[in-house]
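Below, each chain spelled out in residue letters.
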Amino acid sequence: MEIPRHWRLRKQRYGLVGEVCPHCEAKIFPPRDVCPDCGKEAKTKFSFSGQGEVYSYTTIYNAPSGFEANVPYTVALVKLEEGPLVTAQLTDVAEEEVEIGMPVEMVTRRLHQDGDERGLLVYGYKFRPIGFAAH
Amino acid sequence: MEIPRHWRLRKQRYGLVGEVCPHCEAKIFPPRDVCPDCGKEAKTKFSFSGQGEVYSYTTIYNAPSGFEANVPYTVALVKLEEGPLVTAQLTDVAEEEVEIGMPVEMVTRRLHQDGDERGLLVYGYKFRPIGFAAH
Amino acid sequence: MNNNIVIAGIGQTAVGEHWKTSLRELAHYALEDAIKDAGGLRPQALFVANMLAPNLSKQSHLGALIADFSGFVGIEAVTVEAAGASGGAALRQGYLAVLSGMVDVALVVGVEKFTDVVDAGTETALATTLDSDFEAVQGVTPTSQAALLMRRYMHEFNVPADGLAGFPVTAHANGAGNPNAMFRRAIKAETYARAGMVSEPLNMFDAAPNADGAAAVILTRADLLPPNFPHPLVRISGSASASDLLALHDRPDPLTFPAARRSVETALEKAGLTREQIDFFEYHDAFSIYAALSLEAAGFAERGRGWELARDGVIALNGKLPCATMGGLKARGNPGGATGVYQAVEAAAQLRGGGGANQVAGARYAMIQSLGGPAATAVTHVLERVEIGE
Amino acid sequence: MNNNIVIAGIGQTAVGEHWKTSLRELAHYALEDAIKDAGGLRPQALFVANMLAPNLSKQSHLGALIADFSGFVGIEAVTVEAAGASGGAALRQGYLAVLSGMVDVALVVGVEKFTDVVDAGTETALATTLDSDFEAVQGVTPTSQAALLMRRYMHEFNVPADGLAGFPVTAHANGAGNPNAMFRRAIKAETYARAGMVSEPLNMFDAAPNADGAAAVILTRADLLPPNFPHPLVRISGSASASDLLALHDRPDPLTFPAARRSVETALEKAGLTREQIDFFEYHDAFSIYAALSLEAAGFAERGRGWELARDGVIALNGKLPCATMGGLKARGNPGGATGVYQAVEAAAQLRGGGGANQVAGARYAMIQSLGGPAATAVTHVLERVEIGE
Ligand SMILES: [Zn+2]
Ligand SMILES: [Zn+2]
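Protein chains in written order, with the working numbering: chain C, 1 to 135; chain E, 1 to 135; chain D, 1 to 390; chain H, 1 to 390.
What the hints contain is simulated information worked out from the structure, not anything from laboratory work.
Here the structure is a predicted model, which is why all the values come from computation and not from measurement.
Check each hint, because a few of them may be wrong.
Quick list of in silico lysine-lysine cross-link-like pairs, PhoX-like style, CA-CA up to 20 Å [unchecked claim]:
#1 D:Lys20 <-> E:Lys11
#2 C:Lys40 <-> H:Lys36
#3 D:Lys188 <-> E:Lys40
Please model the complete structure; the sequences and the hints are all you need to start from.
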């Protein structure tokens, strides 16, 4: 079981907490302590709004273990309004309704089950179309 | 699940089927097609008697997954009467009764469970003291 | 002459589902062939290219395993891993080892064994090559990553629905002439248009099949070979490796492959060649979209126009820049970490004039490129036929 | 001067249970230290030593991951794996790369992250380093393999029950002086005699603790360094790697380590030294019995008598051949594939005169050895303090 790994990442996973570069103001997600834009140290916490739009998307039918129960599920690259792209599942929407440029917002959902039936449930961010009611 | 791997090895696992080198008569187990003694091709099948003696042994308390249910279990290097050493679990004997040089013979038993509860049961050779009744 | 590192022997197994053959056996068959082809040269060092055995076969420590099983007990042996670029990376390690003067004869073996597991195991293992904490945790897989890139590419550059068809059509046409290919039947563009979706818009012909296989090359210095060596020599004229941001979402522009571009530029520079001198290009077409992006990164096409080279027949065997000449990953099959070594074997065969039905006429310079993920790692080699007297 | 490959920078994290720190962060901390120590030299190539991340952290493709996360996007980057010898093997690949002339500055990072999993996951991952088909399938683990060797060794050579106590006692004594060690308290021989069994006759002091850690070295050619370089230089004078039959049961005599012997002989020969000139030896004491067998393989003791060197104080800091001078794997901790890089860092520190409380007086030549399993892989390096004017 992988409790330690998921516990360590809980802040980023639950709240889209990244960093802002104190030197060039780049917004950074996932956090990496080194600014990808200017190469300087960037450890200042920054909470993203969770608003963005779909940069690209697709649907997965052959899933890794832990995700079999979700099949089919739609994943996307979402462009956050603060700049960064993020990889995430889409939720509360059918694939045929998704399109590039569609506005989306972050929600916290169950991502997958770690390991076998006894496994840990891993929660984290997904995105849903703005204006859609949760199921 | 790993059905193909275990299926492929069933002959060696169930019957201690190895090879004899047609050039220098070395007996080879596990089979490897190249004679470790003379370096020539050795593909002639050879069935080992399954008789041998304990070269060394120890007991495992921290097991890999699939073996947790067996803990504690005793493993040994067994010197087969035809020459090769083989790595195997001992069965039908308590660790404190084992000693280096003890005569043993091969039996077929369940080795472990592959993966989770739904997993494949893997059978193969173990060794037990000669003269001991099976439990 | 000390910098004259050559491929002195090549070997491979057919690519496919080798249910009855273990990982160690596959590697052994390929390396046995390569050593025989090299006139029996014995290696002092083994570089194993592998991507997934620790997960798929619960087996790491492949260096010792394969040296042992193949009868080379005692030689130096390590595994080199860089996801799908493992093959190219191991080839480069072998090259550097011989170039260093510390190793006279290096054996590079690429091996991958997919069929040791069934069900979700394959996708689980493949997902380890992504950013585990921020990509794989979302259930993303290499195939869906390629689909994400493909959709965005088609959107940005107004590519028609069957715009990438030329890549698999070319690959399958060439696979027909390769006895070691997994798929040996040509397909038509109409077949592509009707194909089932894997991860929309990526269909079953846009993804190379993961399969079992092993390939091997023997590297040495040309001056160590006997004068009557049995076949033409192929020199490694350029070698370069580069990396990129691992996660797709971290890249400023996901639709470019800067690591591929950089490794091509360096490899050409080391070889003292321009890209126009390259006679054929073995790109890493794990997915059709990667072929398009690789052609653009290498400078063979402008941004957003790589797919036109397939549409227009430029990459066909009789085109200006033949690609995937033995079927590429798509038709020969994609044996993971072994793939880059297959490329070296195939390119060397072509440069020797041993391309059979698929011979690229008069080929002198080949470029081969091995990618890990969407070019998070890119390893490029330039190979050259050595003319007599050189 | 071109063959003058030196360790220009060293870095490490403390070894222990770094629950809050990820694999990529650990690697980053160590390499940041090494680069700073090297006066800011920027690497062109990254060699990552790692044994188990594909299983323990579901993460492969560490080259790109670490280059990316540490701000070296674009550089050449690969993972080198040879089980427990991954660290030594990556050091050697970095050395060969610089020696080849194709890389001016190489960064070698060893990193291992054990605490990403709990329960049986660790043993499952460790078992992949054995012969999966014929050893691991029986439930055998690296620890039980060592116990099998230890029992047979004690039987054949009439070693008393606490005969190997000297190895952990020495290691813990030295760990007390190493601020990065996991265990920093000396132990007594009586403590050893009373210790709980792990796998009889192997007790808890006979097995080094698996733990998290990262270490890094910067390699370059001495002639590329500025004349006012901030600290003494350490040269790699000898480097060698060898393999053995992977499965213990396949070996004609399991109680010898021929790969270790062979790599020591070659490394000494390359360095132009005899074993008597070695001032201290960082052996791979993953288990006490491996320390004994390594001393015998290296020629420091006769067959069956390696344990006497520990009993008699020969391996103590003030002995004739100090070993495990910063605590060894036993007290510093055993961060898997990173271990061989820790050895390089510690030996370089000693040779620079930076051994602190554990300084080996007047040390000029060090031998370090990295083992994969029971020396199925053995990588040995000889390091040398470079005297002014040399
Ligand atoms: Zn910045
Ligand atoms: Zn023979």
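*Violations among the numbered hints, reported as their numbers in ascending order*: 3
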